[in-house]
Amino acid sequence: MKIVLIMQKLIITLLGVAFIGVSLLASVGQASAQPEWMPNPPKAIGGQCDLDPKEMRKTHMTLLDHKRDQTMRDGIRTKKYSLKKCIACHAVKDKSNKCVTVKDERHFCRSCHDYAAVRIDCFDCHASRPEDSLNKATKAAGNSHDKLAGLSSIGKTGDTTDTTLRRFIAGEVK
Amino acid sequence: MISLKQGQIEAGEHKTAPVDEAGRRKFLKGSAAALALAPGMTLFAYGEAITKPAEQAVTTKSRWGLLIDAAKFSDEDVDACVKACQDENGWRDTGKPMTDAQWIRRVNLKNKKTDEQFSLPMMCQHCAEAPCVDVCPTGASFKRKDGIVLVDKHICIGCRYCMMACPYKARSFVHEHIEDQKEHAPRGIGTVESCTMCVHLVDEGKEPACVKAAPEGAMVFGDLNDKTSKLAQLIKSVATQQVRADLNLDPGVRYRNI
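Taken in order, these protein sequences are the chains called A and B.
Position 2, counted from 1, in the first sequence is what this note's numbering calls 229; the numbers after and before it change by one each time, with no gaps.
Position 123, counted from 1, in the second sequence is what this note's numbering calls 127; the numbers after and before it change by one each time, with no gaps.
These are computed hints drawn from the structure, not numbers from a lab.
Please read all numbers here as calculations on a predicted model, not as lab measurements.
Do not take every clue at face value.
[Claimed, not checked] What follows is a list of derived Cβ distance ranges for each label pair:
hint	chain 1	residue 1	chain 2	residue 2	range
1	A	Asp341	B	His181	18 to 24 Å
2	A	Leu278	B	Gln121	55 to 61 Å
3	B	Lys149	A	Lys306	20 to 26 Å
Beta carbons: idealized from backbone N, C-alpha and C, even for Gly.
Using the sequences provided together with the hints, build the complete structure.
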């Protein structure tokens with residue numbers, strides 16, 4: 228009987244601790260959640276940004292401005308601070324797994340620019356989503372076709388790599 | 005005398021097969037390896053420019069140019085070049101010939117006395133003394149140090165003076181909103197555009213798209229300043245012409261057999 232009582236007490240204490248823990252977590256979560264009207268930019272898909280995000284928020288326009296002149300006038304095509312890279316890294320996908328254009332309010336740039344009421348004309352000329360997202364379907368089709376073409380030719384010549392290629396297509400080898 | 009009439013280019017009539025990019029890259033990679041194996045010999049044998057590092061600015065050391073042999077072009081060949089340019093730079097015929105973009109076009113020529121007919125590709129001639137650069141009120145129309153004439157669309161106000169000034173009718177104006185442009189070829193409403201000599205490819209040490217699509221030897225791309233380049237050697241050894249040489253614009257694009 229004693230053991231049962233001790234067990235009961237223990238369970239009650241544990242439940243109590245768990246409850247306090249959960250409510251604490253919930254309150255912390257509430258405190259960190261920002262108001263709805265604040266911009267909430269989507270997370271980038273790439274790794275580290277070229278600059279600390281805090282700095283980037285303040286200076287991205289100047290960096291892009293400088294970079295554009297370097298690229299166009301001097302042909303300096305490095306990746307650092309390139310708009311192409313920004314767009315690739317900050318692409319936002321919709322439900323059908325396609326990247327959204329700047330017309331969609333979920334677009335990375337729009338999340339802040341709508342809030343700040345600053346109109347950007349970058350996308351009058353530049354594509355607002357990565358090119359890869361447009362070609363993915365056709366590229367994938369092309370690849371599989373190429374592989375099959377290679378396979379048939381190998382079959383004809385009786386190449387010894389035949390089995391390896393077959394396994395690659397079957398997904399056994401990466 | 006050559007009169008420049010706008011060629012009729014019909015989409016869907018291009019007979020050449022799509023270029024196998026992957027195959028070409030592999031081949032180029034292979035040849036690059038060969039270069040690495042015997043650097044001095046191969047490089048000097050062809051005198052081709054070595055790829056500029058991405059972080060290095062272009063200089064006046066090079067001046068990029070083209071030699072176009074009109075005798076080697078059939079109508080279909082020119083159309084293939086046009087198609088290659090469209091695919092590379094993402095412009096299209098939309099069935100509105102009065103306002104459609106036209107970076108490169110087919111020009112049909114006829115000698116009135118002999119009835120001889122032929123066609124040639126016509127695009128920005130990348131003049132050393134470019135009239136479009138002279139007239140631009142904002143400095144948007146500019147010449148890169150390596151001779152490639154471009155439009156800075158960031159500061160182009162769409163006044164179209166350059167279109168008026170160009171004797172080759174090489175420039176066009178973007179009338180409608182465009183989406184999903186090519187990453188390397190931004191183009192947008194209210195700005196003027198023209199052939200960029202595929203500057204994004206040139207900076208990577210590659211040839212322009214039209215040169216790749218043209219028949220063997222019909223278009224030669226290279227550095228006019230490098231006397232050992234294939235282009236400079238050709239210009240030295242065969243008779244070449246400038247279109248409207250009387251204007252003294254010193255175009256970077258030269259022609260043969262016109």
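Please write out, lowest number first, the hints stated earlier that are contradicted by the structure. When the structure is compared with the hints, none of them turns out to be violated.
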